[in-house]
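Enquirer: Read off the chains here:
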Amino acid sequence: MNAKLKKALSIAVIILGVVAVIVALIMDFARSENPMRGTLLIIGMVMVLTGFYFMPSKNHKKIIDILFLFPLLFAFTVTVLIPFVFGVFYSLTDWNGIKFENFVGFQNYITMFTSNDYMYSVLITFIFSLINIVLVNVIAFSLALLCTSKVKGKNYYRAAFFVPNLIGGIVLGYVWQFIFNKVFTVIVPDSLSMLTDPNLALLAIIIVSSWQYSGYIMMIYVTGLQGVPKDVLEASAVDGADKLTTLFRIKMPLIANTFTVCIFLTLINSFKQFDLNLAITNGAPSRILNGVSIYSTELLALNIYKTAITKNQYALGQTKAVVFFIILAIISLTQVAISKKREVEM
Amino acid sequence: MKVQSVTNTQKVAIEEIPSGRKKAGIFVLEVLAIILVLLFLFPFFLVVINSAKESAGIIISPLALPERWGQMFTNMNNVIHNQNFNYWKSFFNSVFITIVSLTLLSLFSSMAAWVLVRNKTGWSNFIFMTLVAAMIIPFQVVMLPLLSTFRELSEFTGIRMLSSYKGLIFAYIGFGGSMSVFIFHGFIKTIPYELEEAALIDGCTPESTFFRILFPLLKPIQVTVLILNGVWIWNDFLLPSLMLGLNGKIKTLPIAVTSFVGSYVKQWDLILTAALLAMLPIIVLFIFAQKQIIRGMVEGAIK
Numbered sequence: 001m002n003a004k005l006k007k008a009l010s011i012a013v014i015i016l017g018v019v020a021v022i023v024a025l026i027m028d029f030a031r032s033e034n035p036m037r038g039t040l041l042i043i044g045m046v047m048v049l050t051g052f053y054f055m056p057s058k059n060h061k062k063i064i065d066i067l068f069l070f071p072l073l074f075a076f077t078v079t080v081l082i083p084f085v086f087g088v089f090y091s092l093t094d095w096n097g098i099k100f101e102n103f104v105g106f107q108n109y110i111t112m113f114t115s116n117d118y119m120y121s122v123l124i125t126f127i128f129s130l131i132n133i134v135l136v137n138v139i140a141f142s143l144a145l146l147c148t149s150k151v152k153g154k155n156y157y158r159a160a161f162f163v164p165n166l167i168g169g170i171v172l173g174y175v176w177q178f179i180f181n182k183v184f185t186v187i188v189p190d191s192l193s194m195l196t197d198p199n200l201a202l203l204a205i206i207i208v209s210s211w212q213y214s215g216y217i218m219m220i221y222v223t224g225l226q227g228v229p230k231d232v233l234e235a236s237a238v239d240g241a242d243k244l245t246t247l248f249r250i251k252m253p254l255i256a257n258t259f260t261v262c263i264f265l266t267l268i269n270s271f272k273q274f275d276l277n278l279a280i281t282n283g284a285p286s287r288i289l290n291g292v293s294i295y296s297t298e299l300l301a302l303n304i305y306k307t308a309i310t311k312n313q314y315a316l317g318q319t320k321a322v323v324f325f326i327i328l329a330i331i332s333l334t335q336v337a338i339s340k341k342r343e344v345e346m
Numbered sequence: 001m002k003v004q005s006v007t008n009t010q011k012v013a014i015e016e017i018p019s020g021r022k023k024a025g026i027f028v029l030e031v032l033a034i035i036l037v038l039l040f041l042f043p044f045f046l047v048v049i050n051s052a053k054e055s056a057g058i059i060i061s062p063l064a065l066p067e068r069w070g071q072m073f074t075n076m077n078n079v080i081h082n083q084n085f086n087y088w089k090s091f092f093n094s095v096f097i098t099i100v101s102l103t104l105l106s107l108f109s110s111m112a113a114w115v116l117v118r119n120k121t122g123w124s125n126f127i128f129m130t131l132v133a134a135m136i137i138p139f140q141v142v143m144l145p146l147l148s149t150f151r152e153l154s155e156f157t158g159i160r161m162l163s164s165y166k167g168l169i170f171a172y173i174g175f176g177g178s179m180s181v182f183i184f185h186g187f188i189k190t191i192p193y194e195l196e197e198a199a200l201i202d203g204c205t206p207e208s209t210f211f212r213i214l215f216p217l218l219k220p221i222q223v224t225v226l227i228l229n230g231v232w233i234w235n236d237f238l239l240p241s242l243m244l245g246l247n248g249k250i251k252t253l254p255i256a257v258t259s260f261v262g263s264y265v266k267q268w269d270l271i272l273t274a275a276l277l278a279m280l281p282i283i284v285l286f287i288f289a290q291k292q293i294i295r296g297m298v299e300g301a302i303k
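So the sequences go chain by chain: A and B. In terms of this note's numbering, the first sequence opens at residue 1 and continues consecutively. In terms of this note's numbering, the second sequence opens at residue 1 and continues consecutively.
It is possible that some hints are incorrect.
Claimed, not checked - Quick list of in silico lysine-lysine cross-link-like pairs, DSBU-like style, CA-CA up to 35 angstroms: (1) B:K120 to A:K61; (2) A:K272 to B:K22; (3) B:K219 to A:K230; (4) B:K219 to A:K340; (5) A:K4 to A:K62; (6) B:K166 to A:K154; (7) A:K311 to A:K99; (8) B:K189 to A:K251; (9) A:K230 to A:K243; (10) B:K266 to A:K311; (11) A:K341 to B:K189; (12) B:K166 to A:K306; (13) A:K243 to A:K341; (14) B:K22 to A:K340; (15) B:K249 to A:K306; (16) B:K291 to A:K99; (17) B:K266 to A:K243; (18) A:K272 to B:K291; (19) A:K182 to A:K4; (20) A:K243 to A:K150; (21) B:K120 to A:K62; (22) B:K219 to A:K61; (23) A:K243 to A:K182; (24) B:K89 to A:K150.
Unchecked claim - Stretch-level coverage of chain B by chain A, calculated; a stretch enters the list once three of its residues show a Cβ under 8 angstroms from a Cβ in chain A: (25) 88-101; (26) 183-196; (27) 212-225; (28) 234-247; (29) 284-298.
As the list claims (entries may be wrong) - Which bits of chain B does chain A cover? Going by a derived footprint, with three or more residues having C-beta under 8 angstroms, they are: (30) 23-30; (31) 40-51; (32) 72-84; (33) 172-180.
No wet-lab data here; the hints were simulated from the structure. Beta carbons: idealized from backbone N, C-alpha and C, even for Gly.
Chain A with its partners taken away, still in its complex shape:
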């Protein structure tokens, strides 16, 4: 009897919920301006879900599975999947951020690849990433060696090197803009700010980016180095290997996987660099290339943002973003392939 009552109640709740959802949707389609329609829709959906939850059923396990998956997959679909599919599609149209009128095929891609500023951004993003990867990894690995040696107070050093990584690129970017413009010009008297020279400005972003990121990569190297078995190190010491030999012949080959992880993490992070770029230079200063003035430190992510948001060319910005995605996907897949290959070899 109780089970029957429960079932009847649950079904009633589900029906009420469905009715609420339908009423809300009718209002939506009728372009009603009633402010309650959104609330009604949510209440209706919640009622349907709770109704199913309380309904006694042989398939209770299945219902729970669906209810458990629903919230996350719903958010994921609405925020990632749908925009992604639309995004690829919009890159083939004359979309203006709100609607599109014509299907233009690969016109946006042609415009993009023939525009100076974009190709320049691609070039400096590659240069930036390359230098950044080398710098970050050399600094991080050296710091990791220092922090796993016999010095006292290692934990404090680790924490100190790690701190810059906790603070957002925007805030750090403004701080460093101050340092480049007001402090370095005082330390080196009569010098111009680094941020006024196209090449030095890029170097400035590299400096800050390495400073911010190497503490993090250092911690990953520390974890790797701590995983080197003690007996192997003892054996090499007994065999009379000096410190450098141990480092190059034993430690480094043993943590080869850590190197792969760190290099790819830095690569992806450098490629996506946006916050520091925006806060330190915002693309400035300009540089003359083929008789045209372009922003000299506009990395890809900033170039995409400015094309769409500042210049209001949404379709072109979206096209650049799709290519950006393809480059990153190739990088990530390469990493997976390399890691897999190494696992097989081991």
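Keeping the supplied structure of chain A fixed, place chain B upon it in accordance with the hints.
Expert: Okay, now just chain B, sitting in the frame of chain A:
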């Protein structure tokens, strides 16, 4: 057994009395480490000393110690009550958005990961693979269509998605979801199913099996997920700047700093004070939970 203990004591003896050369070497390393730490923290030092100066003092000597530290409170007072910065409001906005997003994200993604691990069907595999593949999608490729999707959704249903807390939190659940599920998935796989089976046989419902048996076991990995997503959400600039606008009603701390810098160009005394105030909460948190934060961020990267 005995042989081993002998070698151990010998080793300890060697380590306790390092030769003179070794000692000198370690001393050099220690000095080097301290110099490097000072170099790494120098920008923070500059922020602190210069937020205790007036604008003119900074331009003349940015490296000098401030004449009176009291100026810092004057600056802070100016910044905190500034219309564009509105420190306390932005701070609590950031706290609110971060905490609610983290709570829902870790709850929903552990629930989803559990279902995906315990159901070995084609569907669950497909969903998991989609989530993993989506991890390589950079934010830039979805940000523009996301805005139009959210705008249309708001117009259609009347639920405000842009310039609202719920829209932003919803977006964080969507964006953080794939990686969180991936991390939970890896962890739940290692938990033996027998535990849940026993509970089910004893008459426990599937949902209370999850909340009473499995959820408490997830604690170590929860910390990783919370920290990884927490640092990201707290510092995130691009998503809230697009969804809330730089001068909208709701501002998170990074947005408030940007909006403040935009309206007080080159007023370094105020800008640096604002930066200091924006950094302070996370540095304080780091001092108290150093170990967990470092561990969480590193573990998240390796997985």
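Enquirer: Compare the structure with each hint and give your call.
Expert: Outcome of the hint check:
1. Annotation: proposed proximity of K120 of chain B to K61 of chain A holds, straight-line Cα distance about 14 angstroms (limit 35 angstroms).
2. Annotation: proposed proximity of K272 of chain A to K22 of chain B is violated, straight-line Cα distance about 44 angstroms (limit 35 angstroms).
3. Restraint check for K219 of chain B and K230 of chain A: the C-alpha separation of about 30 angstroms stays at or below 35 angstroms, so the hint holds.
4. For the hint linking K219 of chain B to K340 of chain A, the alpha-carbon distance of about 30 angstroms falls within 35 angstroms, and the restraint holds.
5. At most 35 angstroms may separate the alpha-carbon atoms for a hinted pair to count; K4 of chain A and K62 of chain A meet this at roughly 20 angstroms.
6. Of the supplied pair hints, the one linking K166 of chain B and K154 of chain A is violated, its CA atoms being roughly 43 angstroms apart against a limit of 35 angstroms.
7. For the suggested pair K311 of chain A and K99 of chain A, the alpha carbons sit about 17 angstroms apart, so the restraint of at most 35 angstroms is met.
8. With a CA separation close to 31 angstroms, the supplied pair K189 of chain B and K251 of chain A stays within the 35 angstroms bound.
9. At roughly 14 angstroms between alpha-carbon atoms, K230 of chain A and K243 of chain A fall within 35 angstroms of each other, so this suggested pair holds.
10. For the given pair, K266 of chain B sits about 25 angstroms from K311 of chain A by alpha-carbon distance, which is consistent with the 35 angstroms threshold.
11. At most 35 angstroms may separate the alpha-carbon atoms for a hinted pair to count; K341 of chain A and K189 of chain B meet this at roughly 24 angstroms.
12. Only pairs whose Cα atoms come within 35 angstroms are accepted, and K166 of chain B paired with K306 of chain A is accepted, the gap being roughly 27 angstroms.
13. Proposed proximity of K243 of chain A and K341 of chain A is supported: the alpha carbons are some 30 angstroms apart, at most 35 angstroms.
14. A C-alpha spacing of about 41 angstroms is found between K22 of chain B and K340 of chain A, which places the hinted pair above 35 angstroms, so the restraint is violated.
15. For the suggested pair K249 of chain B and K306 of chain A, the alpha carbons sit about 23 angstroms apart, so the restraint of at most 35 angstroms is met.
16. For a cut-off of 35 angstroms, the pair hint linking K291 of chain B to K99 of chain A is broken: about 49 angstroms separates their Cα positions.
17. A distance of roughly 50 angstroms separates the Cα atoms of K266 of chain B and K243 of chain A; the hinted pair therefore is violated under the 35 angstroms criterion.
18. Using a Cα cut-off of 35 angstroms, the hinted pair K272 of chain A and K291 of chain B holds, with the two alpha carbons roughly 28 angstroms apart.
19. Annotation: proposed proximity of K182 of chain A to K4 of chain A is violated, straight-line Cα distance about 77 angstroms (limit 35 angstroms).
20. Pair hint K243 of chain A plus K150 of chain A holds up; C-alpha atoms about 13 angstroms apart against a cutoff of 35 angstroms.
21. Proposed proximity of K120 of chain B and K62 of chain A is supported: the alpha carbons are some 13 angstroms apart, at most 35 angstroms.
22. At roughly 24 angstroms between alpha-carbon atoms, K219 of chain B and K61 of chain A fall within 35 angstroms of each other, so this suggested pair holds.
23. Note on K243 of chain A and K182 of chain A: the hinted pairing is violated, with a Cα-Cα distance of about 43 angstroms set against a maximum of 35 angstroms.
24. Annotation: proposed proximity of K89 of chain B to K150 of chain A is violated, straight-line Cα distance about 46 angstroms (limit 35 angstroms).
25. Check on the segment 88-101 of chain B: 0 of its residues sit with their Cβ under 8 angstroms from a Cβ of chain A, so the three-residue criterion for coverage is violated.
26. Judged by the Cβ-Cβ criterion of 8 angstroms, the segment 183-196 of chain B is not covered by chain A as claimed, because only 0 of its residues qualify and three are needed.
27. Figure legend: the segment 212-225 of chain B, annotated as covered by chain A; annotation inconsistent (0 residues with Cβ-Cβ distances under 8 angstroms, at least 3 required).
28. With 6 residues bearing a CB less than 8 angstroms from a CB of chain A, the segment 234-247 of chain B meets the requirement of three and the coverage assertion stands.
29. With 6 residues having a beta carbon nearer than 8 angstroms to a beta carbon of chain A, the segment 284-298 of chain B meets the requirement of three or more and the stated coverage holds.
30. Chain A is given as covering the segment 23-30 of chain B, and this holds because 3 residues of the stretch bring a CB closer than 8 angstroms to a CB of that chain, at least three being needed.
31. With 7 residues carrying a beta carbon less than 8 angstroms from a beta carbon of chain A, the segment 40-51 of chain B meets the three-residue requirement, and the given coverage holds.
32. Only residues whose C-beta sits within less than 8 angstroms of a C-beta in chain A count toward coverage, and the segment 72-84 of chain B has 0 of them, not enough to reach three; the restraint is violated.
33. With 5 residues having a beta carbon nearer than 8 angstroms to a beta carbon of chain A, the segment 172-180 of chain B meets the requirement of three or more and the stated coverage holds.
In terms of the numbered hints stated before, the structure departs from hints 2, 6, 14, 16, 17, 19, 23, 24, 25, 26, 27, 32, listed from lowest to highest.
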